[in-house]
Every structure is written in structure tokens, then in C-alpha cells.
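Number of protein chains: 2
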Amino acid sequence: MHDKKRTEIAELGEFGLIDCLTRSAAADNESTLKGVGDDAAVIAAGRNDAIVVSTDALLEGVDFDLTYFPLKHLGYKAVTVGASDILAMNALPEQIMISLGVSSKMSVEALKDLYEGIEFACKELGIDLAGGDTRASMTGLTIGITTIGRARRKAISYRGGAQFNDLICITGNLGAAYMGLQLLEREKRVLADVENPEPQFAGHEYLLQRYLKPRARKDIIEALAEEKIVPTSMIDISDGLASEVLQICKASKCGARIYLDRIPIAKQTTALAEEMHADPVVAALNGGEDYELMFTVPLAMQEQVMRLGLVDVVGHITRESTGAYLVTPDGSDIKLRAQGFKE
Amino acid sequence: MHDKKRTEIAELGEFGLIDCLTRSAAADNESTLKGVGDDAAVIAAGRNDAIVVSTDALLEGVDFDLTYFPLKHLGYKAVTVGASDILAMNALPEQIMISLGVSSKMSVEALKDLYEGIEFACKELGIDLAGGDTRASMTGLTIGITTIGRARRKAISYRGGAQFNDLICITGNLGAAYMGLQLLEREKRVLADVENPEPQFAGHEYLLQRYLKPRARKDIIEALAEEKIVPTSMIDISDGLASEVLQICKASKCGARIYLDRIPIAKQTTALAEEMHADPVVAALNGGEDYELMFTVPLAMQEQVMRLGLVDVVGHITRESTGAYLVTPDGSDIKLRAQGFKE
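Sequence lines, in order, name chains A and B. FYI, the numbering for the first sequence is 120 to 462, going by this note's numbering. FYI, the numbering for the second sequence is 120 to 462, going by this note's numbering.
Bear in mind the hints are in silico, worked out from the structure with no lab data behind them. Relax, there's no trap hidden among the hints.
In silico contact screen, one side only, chain A against chain B (beta carbon under 7 Å); selected entries:
(1) T126
(2) L140
(3) N148
(4) T151
(5) A164
(6) G180
(7) V181
(8) S218
(9) S226
(10) V227
(11) D247
(12) A249
(13) T253
(14) M257
(15) G263
From a predicted model like this one, the values you see are computed outputs, not experimental measurements. All C-beta atoms in this analysis are idealised placements derived from N, C-alpha and C, irrespective of residue type, glycine included.
Given the sequences, and given the hints that come with them, work out the whole structure.
As C-alpha cells, this is what we get:
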């Protein structure tokens, strides 16, 4: 179609691509408090409140493999993915809209399973299923997710608010979902030609759960509100810790130092990584799909944050000129790198 | 995956399927003014206002064919599709978020063309591009569209508000986009094996424009506001007139009579339909993708509505028990039927 110059998407990488495409997107409407560049758009609603809206997509073959992903779990995870973006703004999700593209090979019963998972997660999080539609798809299953939340304007945490010397906090532990996926992929490969496959999952239930049915950390946002802590910046950990740290650094025009031995990793994650000759730290840094939260608070809040009992401090914010680094136990610095455009 | 009963999606049809899946979706949050069942969800925002949010998807191979759909036009149309849902609530679109799934075979330049169309339409409609992302797709191009608008709560037109004896009004003309698509498909078939294809489009520019670059009817919503007309119900005409009339009847628990000879059809539509041995009325009733608006107003407002100079009155609302009918010039009644689940 084009005789002009042809640039491959891989040359720019995912972040470079989005920058390049949305460079000219200016916000002109008064109601647009925040447009491109965060987990969600922020829309004025009344004098003091805001509505935050996020959009996500789960695509068969890219984000999930139906040979081992139960549809009920997939529905649950779709809601987690959407809710997590809203929570990462320090807002509470209230509505969700799900748009399905389904191939005709799917049965109505299968779709009902998917919706059962959606409704279960909605109930758990206090979210109303407020719309969406179901369309034919020529290819695989596509799940479009639009999530709507609400917050006081003053309480919203943006990616761009991290300050010099802020502490970098992480909820839960990282890399477990990625190792769960590795396990599922291994069993799929091993059992590809077996007639009555019996995958070996014993002892790895936690990792499977973290990949197949991750919980959105609404508890954290509620705990922060109770302690009257408004993080200076926040992001959800969906692409791996390295990528999220770099996003915060870019938006906040700062650097960061992350201490390798402080990254929370579950013992199950380490055990399977060792069994599979993989590095659990790499799973935490680049694996993704944890749906935990990363946020920053002023140094003075260290005690208050630790009192929550829900987070680990893994590092701190530095000047932009110093860059973003991972500090190993022997004291050497490794430059953090974002993942490329996944294919 | 299932040993249980298997029901094919086609057995239920698209509307039956959505009903079946979202039956248990109750709205529990105070802020959910309207959930499932309209062009958009309606969310409380301040005491008197509401934010309306709609979600749409355009899928390659289902909604567009890149062999003849210029990417700039596709971007423009994506915004039209989203904006049209918001306008159909009698609200004005203010923000849009676009989520792309792109295959690696697409070049950055192609994506820039797509975004150029998106930004052009946004500018025309006063919409801010407020987010979204770009992801890898294993299959074709997928475009997820989330559109956000705003209205006074009292001014919102729902599908469920049509009253007995209301007039049914249509903007613009119907069936043109469908005939544009038929023309593009014909030329694609005819020229499939030709080396330097030269499609014959002369004289059909209007139809192509209606399919490839439809305009969202923001002018209508502004004109209605100026005349202080709040339609009792409204819907955008994306699936063909028959389907939209049935949606209004279902939501408003009423019947309808549409007069065949009053359906506005452009002479270009009729001319090409005749050339292709097709029925222009079928194109208007079932073709879809017109992105015009259908709304109802009380009978007493007839003069006021006609003064707009922008609409045709094509019928009126009847009791639910009478059903929804198309009345032919010779006076016979044909029961209106919805389209099935397109595959």
C-alpha cells in the first residue's frame, strides 16, 4: 500500500511506538484532566471528584492460550486486568464493560463460563458489569475491557509524581505469574502428543493461581486510604518490575535504584525457577502479569507505609541524570531495560 | 473442553446471546445510572451531570478489509463509530481511547496513517485522544474504541423512553454505506486476478464516502439542544433500521409502524442497487453502518422537529401488543426482523 519509507514496529519498540503515534494528542477539553500517558484517563466529574477510565484487551494467542486457560478464570482475569489499571490511579473501580469478539466455534456454554468468571470477579471487587457487546471474530477470542473508577481529584496518584528520595514500594511478590505460565507451557509441550495427558502440577498450585486467576489489589488502595497515604506516584505491575520502574522514571523525570535482594519473590517461584534452570529475578523484572502495585511515598512516610504490613520497600528515587539501576548484593549496578514489543 | 450440552451461538442470535450472558448483571453502585442495554453506560458525575462511556471494536476481516480500506479512513471511521454511540445518548463526546492490536507485518508509517485519520476526526468533533495502547496481534488488526461523553442527566435520551404515538425520526439517508461496501466487494472480486487493477468507482464517490468515511451526526445533537428538544428515545443506526427499531421497541416495551415510502434513501443508493439487482430498501433496513441517528419525539413536537430541516419522520410508536411492522405503499404490513449473528 506504501511506496514510502517503511519502518518496522520492532525498530521503535512498544514505548517508542506509542510515543511516536500519540505525540500530537493534545488535551483541549476542560474535562480532560489527564489524557495519554497513564494507566487511565482522568475526567473531571463535579468540582472535587474525577472519573478514571482505562482500556485493555486480551487477545487469544497473545495473552492467553485456550488449550490450558479455563474460560472461567479468563473472565476473572479480564476483570483483574481492568480493575488493576484503576487501582493504580489510587481510585476504586465501579463499572466495567466487556466487548467480546468470538469465533463461531465457541459454544454458548463456553461463553457462559467466561461470564461466570467475569461476574464472580465483579462481585468480589464491587464492580457493576455496565455494558459491552459480543461480536463475531474471524480469528480467535478477543476481550476488550473498559473499566471506570472514581476518586477525589486530590487523591489520584499519577505516574509522573515521584520525587527525589521517595521510597519505591511493591505489594505482594513478583515473578510468580510468569513461572506459572512457564509451567503451563512446559506441560503443553511435553504432553502435546499424549492421548490422555496428565499434567504434573502438584506443588505448583500457587504459581498457577497467580497466572490464571490473579487478584486485583483493591485491599491496598483501601489500606492506603485508611492510613491517609496518597502515593506520590503509582503504576500496576503488568509488564514486569523493570518496565514499570522505567515508566515511573520517564513520567516523573527521575532515576531509580532498585535493590535486587529486596525484590519480593515467593519461595514457590524460586523453587520452580531453579527446577527449570531459570532466574527468578529475571521472572520478577521482566516476566509481567503480576498485577501487583508499585508506588512511591516520601522518605518520611517509611514507618507509616511499613505499618500497612502489605508492602516491601525495594529502592528509592534518584535524580534523572543518574538513570535507573538494579543494585546487586555485591554492589554492582545493572542498567534497567524495558522489554521490547512482544510478538 | 465441555462434555456438557453444547449450544451454537447462531441458535440464539446476537441479541439473544447478549441477553443470555448479561442477565444477572445488576447495577449495585450508586454511580451506575444505566448499565447494560443502551448505546453507552451512564455514570453519575456531580449532582446534575453524567458521563457516558461506550465501547466498540473494529476487527479486520469482520468490520473492514484492508485490501480496499485506506488506513486514514479507517482511523476516521473508528472515531465516528465511537462518537456515534455517545451522540445517540444525546450527549457530546469529549474523550476517546484507542487500543490497537497490530500484526508485525504493519509498518510504523501505516500506523501513522491510521492515527492521522483518528486525529482528524477528533479535531472535527472536538474530542481529545486520551489514551489507549498498541499491542501485538497474532492475527489481524483490531481496533478497540472507548468513547467518553458528557450530558446533563435530564437531557440524556435512553433507548427505553419511547412513548405510544411518538414520532420516529431519522437523520440523513440510509443504505448508502451498505451499497458502498457492495461496490468495493464487487470490484475486489472482479479485479482479484488483474495485475494493475483499475476499479470502476466513477459516479459512486458518495457511496464510498458513506462507507469509508462516515461522519458522526454531532450537528443533530447540537441542533436538538438549540431547539430544546430532548428525544424520548434515541439510538444510532449502525446495524440497519430494522434492528434499531426493534431495539427501541424492546427497551421501551412498545411497537412501531415504519412507512416504507418514507425511508430516506439517496438517489445514488437506488441507482447502484438497481445496477446490482439489489433492493435499496433492504440496504436501508438491514445494511447497517449508516451512523445516522433514529429518535422519537412526542407527536406534538412534529412541527418543531421538521423545522430542524435535518430529519425525516418515518413512522410512529404503537402499543407493544401490536408489534413492529414495515408498512408498504400498498398498505400491507411486513413484520420487522433483526439480523442474526453475523459470521
